[in-house]
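Protein chains in written order, with the numbering used here: chain A, 6 to 587; chain B, 248 to 607.
Among these hints, one or two may not hold up.
Keeping only pairs whose Cα atoms sit at most 25 Å apart, straight-line, the calculated SDA-like set for lysine to any residue is [to be verified]:
| id | chain 1 | residue 1 | chain 2 | residue 2 |
| --- | --- | --- | --- | --- |
| 1 | B | Lys428 | A | Arg564 |
| 2 | B | Lys253 | A | Ser545 |
| 3 | B | Lys454 | A | Ile522 |
| 4 | B | Lys253 | A | Ser315 |
| 5 | B | Lys459 | A | Val544 |
| 6 | B | Lys548 | A | Val544 |
| 7 | B | Lys547 | A | Ile522 |
| 8 | B | Lys547 | A | Ser315 |
| 9 | B | Lys454 | A | Gly567 |
Hints in this document: simulated from the structure, not taken from any laboratory.
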Amino acid sequence: MTTNNHSDPLYPDHEWLATNKSAVQQLNALLEYAQQVEVFSKKADAAFRAGQWLKMLNSLKEEYQALEQQQYLLNPVYLTYANGIKQALSKEAAVNVNGLKAIFAQCSDLIIREFNLGATEQIPAALVMIEGMVDRGAINESILKPLLFTKYNGDINGTLAFIKANVLSVANIKEIRTVREVVDEVLAGNAILIIDKSDIALVSEVKGWESRSVEEPDTEAVVRGPREGFVETIRTNTALLRRKIKNPNLKIEALKVGEKTQTAICIAYIKGIVDERIVQELKKRLDKIEIDAVLESGYIENLIEDAPFSLFPTVGNSEKPDNVSAKLLEGRVAVFVDGTPFVLMVPYLFVEAFQVSEDYYSRPYYTTFIRWLRWFAFFTSTVLPALYVAITTYHQELLPQALLTSIATAQEGTPFPAVVEALLMQIIYEILREAGVRLPRPVGSAVSIVGALVIGEAAVTAGLVGAPMVVIVGGTAISSFLIPALSDVNALLRIMLIIMAGFSGIYGIILGFILTIIHQCSLRSFGVPYMSPLAPINVSDLKDVFVRFPWWAMRTRPRVLGGQNPLREKAGQKPKAQTNNN
Amino acid sequence: MLRISKYQLFCLMVLFQFGTTALFVLGAKANQDAWFVIILAMAAGLVLNVIYTELYKQYPNDTLVEIIIKVLGKGLGTPLAFLVIFYFIHIAAHNIAEFSYIIQSTFLPRTPFIVVAGIFVLAAGYILFLGVEVFGRTSEVMLPIVVVFVLSVYVLVYISGAADLGELQPVLASDWRTLLKALPQVENAPFGETVVFLMYFCYADDKQAVQKVALGAVFMTGVLLVIGTITIIATLGIAYATIAAVPFLSVLQAINISDILTNLDSLGVSIISIGGLYKMATVYFAGISGMATLLNFKQKKWLLIPVGLFILWLAVSMPSFTFQRFLGQEVSTPYIHIMFQSMPVLLLCICILKKLVTPV
């Protein structure tokens with residue numbers, strides 16, 4: 006027997022139900038169970054009165070357990086009849102409406118508008134929706150108004166078809182037959198029309214809720230390139246993507262995750278480019294998720310990533326349609342989650358942290374220079390404080406005489422050893438950064454001023470920390486802003502390396518560095534080695550790592566992703582200068 | 248099935264040979280002509296590697312230990328295989344001891360020896376715990392780091408004007424006997440030790456390319472070593488180069504570019520220790536995988552701990568760095584290395600003879 010511990014009592018889907026479909030059988034089983042309970046309680050009562058209950062304890066216990074098991078099996082049936090949810094819709098509108106009222110008891114946002122169809126026919130009908138999730142204008146103009154003012158002719162089955170064909174001026178209309186579907190559609194933000202004498206309800210898609218408009222995201226700012234960013238509504242997001250890639254091969258598969266939240270999720274990929282095995286693997290991992298709620302794509306990221314115990318992320322995210330489109334065109338798969346502008350992308354490789362969408366819009370030379378700067382900044386921001394600690398503690402001879410003297414003078418009289426000082430400054434910096442993010446905007450500037458004064462000027466003047474340490478921490482912080490995708494990894498690695506440097510100087514740093522690289526090499530993201538195309542090396546993919554080749558030279562998609570159609574463009578795209586012979 | 252690509256094999260082989268030897272002057276017995284000894288040794292190394300890979304071609308899916316047992320039979324093969332495994336473990340211990348002494352003496356003089364060596368073993372154990380594939384992949388990242396670093400050190404020495412190529416004169420003044428006397432040691436230390444890769448060849452995904460890769464790696468190592476030896480001798484002069492404990496270190500100390508880039512020795516040695524770590528890990532794994540075959544162990548990973556502890560114990564029980572070098576040069580070379588490195592030659596002969604006697 007499978008355990009149904011986390012199945013929602015509202016939606017009982019039990020194999021017992023599936024195997025015994027007949028309602029008569031279900032009801033008979035329920036009655037039988039009730040009789041057995043009665044018999045059992047009488048027997049127990051009698052045994053207790055006769056004073057023999059000690060003797061009969063074991064047999065009573067067994068019987069009770071059997072009953073309990075039966076109750077467990079029958080529970081879904083009981084719930085079905087109690088809530089009327091799996092049931093087909095009734096022919097009487099009043100029954101359906103009352104059922105819905107019972108299911109949505111205490112839900113003040115449910116609107117049930119009961120009215121009569123037509124001016125003369127007086128057929129009872131009801132329109133069910135949730136306030137705030139539907140477009141009021143569309144309801145009034147395209148649904149209620151035509152329904153109320155059309156003339157209908159007699160027969161009921163005809164009425165439904167007539168309404169569907171001639172009355173409702175809504176783009177998308179569906180017929181549904183069960184209470185459960187009605188509940189789902191209402192919750193999805195649609196309006197449901199229930200008509201008397203018909204066991205079919207009509208769903209009109211009139212979703213319309215307040216949402217943020219498409220605007221420039223704060224996270225991935227660009228100088229050149231599209232400014233639009235994703236919003237919190239999944240359909241808007243997929244539409245933004247579809248507008249970039251106008252191709253039927255862009256597949257957007259929908260599914261629902263989250264037993265309580267029923268969050269909509271879409272997997273987007275381009276058929277013919279993507280490696281199907283990645284799509285299959287992603288679907289397998291998504292199917293395995295059984296969680297009560299999904300409120301942000303981070304939930305999904307945590308549940309599908311390859312290396313949950315690694316500092317390094319193996320699932321990427323982006324807030325911009327152009328970025329996601331580019332990744333899909335390289336052969337990646339995107340996961341949209343309703344309710345968040347952050348779209349996940351897999352497989353995610355280490356080198357992606359150093360690629361920014363703007364790299365592909367500006368000219369290759371400066372981009373290449375910036376790429377080098379990013380690698381350098383990543384290296385400095387992880388190693389620099391540790392190196393400073395190692396040099397001032399163990400290897401003073403590495404510094405030139407003049408520099409050593411000035412550092413020694415500045416550090417003179419500071420109370421802490423270099424490693425403690427470095428850790429302290431790192432932690433204070435992280436606190437300031439976090440405060441800057443969380444605080445309300447008007448207070449934010451105050452924090453930055455106080456922070457700058459306190460950890461900069463005042464701390465040095467008071468002799469708490471040396472000025473070189475402040476310079477190092479500041480430089481490190483600025484460097485880490487160059488690679489925002491890895492900034493959290495960066496902070497943790499930095500602290501780890503400072504500690505190792507405090508223990509064993511440069512030897513510790515190098516060991517920490519080697520171990521980090523080894524760890525990175527051992528990671529995979531959806532089957533693709535995390536460090537590729539660096540290790541294992543793929544020469545053809547290096548055209549987009551440390552340098553960015555011009556578009557006419559980047560003829561192939563990244564091969565490490567294993568796509569089916571690696572060619573991106575035809576040969577001979579390099580523009581030629583034309584000479585005018587005059 | 249685990250696989251190593253041909254480039255990864257190349258990286259592993261170069262790191263294994265070059266990583267540790269870059270520190271010393273090889274063939275110092277031939278004085279100024281040490282570089283020529285290296286060329287000779289490289290030629291001999293190429294021949295040896297042809298033999299190794301030929302042996303591998305006879306048994307493309309077997310490790311050295313399996314080949315020994317297949318060729319010599321269980322009775323004779325098993326004890327010999329044990330000796331081979333011990334040989335690998337001995338190289339690992341020797342290597343760790345050497346590097347830990349260098350690191351301890353250069354910048355961690357107050358740290359206990361066992362801590363430095365223990366961290367070394369732990370790091371190597373961690374790589375191997377993640378598997379041969381990861382080992383190969385990381386070598387792809389590490390080789391460029393080591394090679395670029397060492398080459399830039401050489402360039403910096405020349406830029407800072409500390410090197411004088413005149414130190415190499417007289418060129419080729421030694422007679423053949425001196426050259427030949429210096430040869431075996433160079434032959435054994437980096438080039439012949441590639442016998443350990445007979446434990447790795449069977450993981451190669453491109454069986455056809457193995458011979459080419461092995462020879463290419465030996466050649467590349469030879470070229471790098473010749474450049475290195477010439478630079479070291481040119482910087483230090485042959486007299487100092489032969490007595491310096493770690494000549495590469497003295498070269499690093501000679502770098503001085505307008506008083507800003509100076510005293511790079513600690514930085515240099517720690518980067519070079521990547522080479523030591525990889526050499527150690529290579530033989531460590533060879534020892535473990537051989538043992539797993541002999542003892543019928545399914546899970547190699549469990550052997551990492553006891554073997555690692557044993558290596559650490561061996562390394563700690565070696566008395567001193569000088570003794571280390573003495574052991575390496577005067578005992579290992581004429582007796583131990585020769586024996587194990589020429590064994591594949593015998594194996595190949597027996598194998599070919601067998602084939603001739605019993606035609607298929």
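Would you list, in rising numerical order, the hints stated earlier that this structure does not obey? Violated hints (numbers, rising): 1, 3, 4 and 6; every other hint is consistent with the structure.
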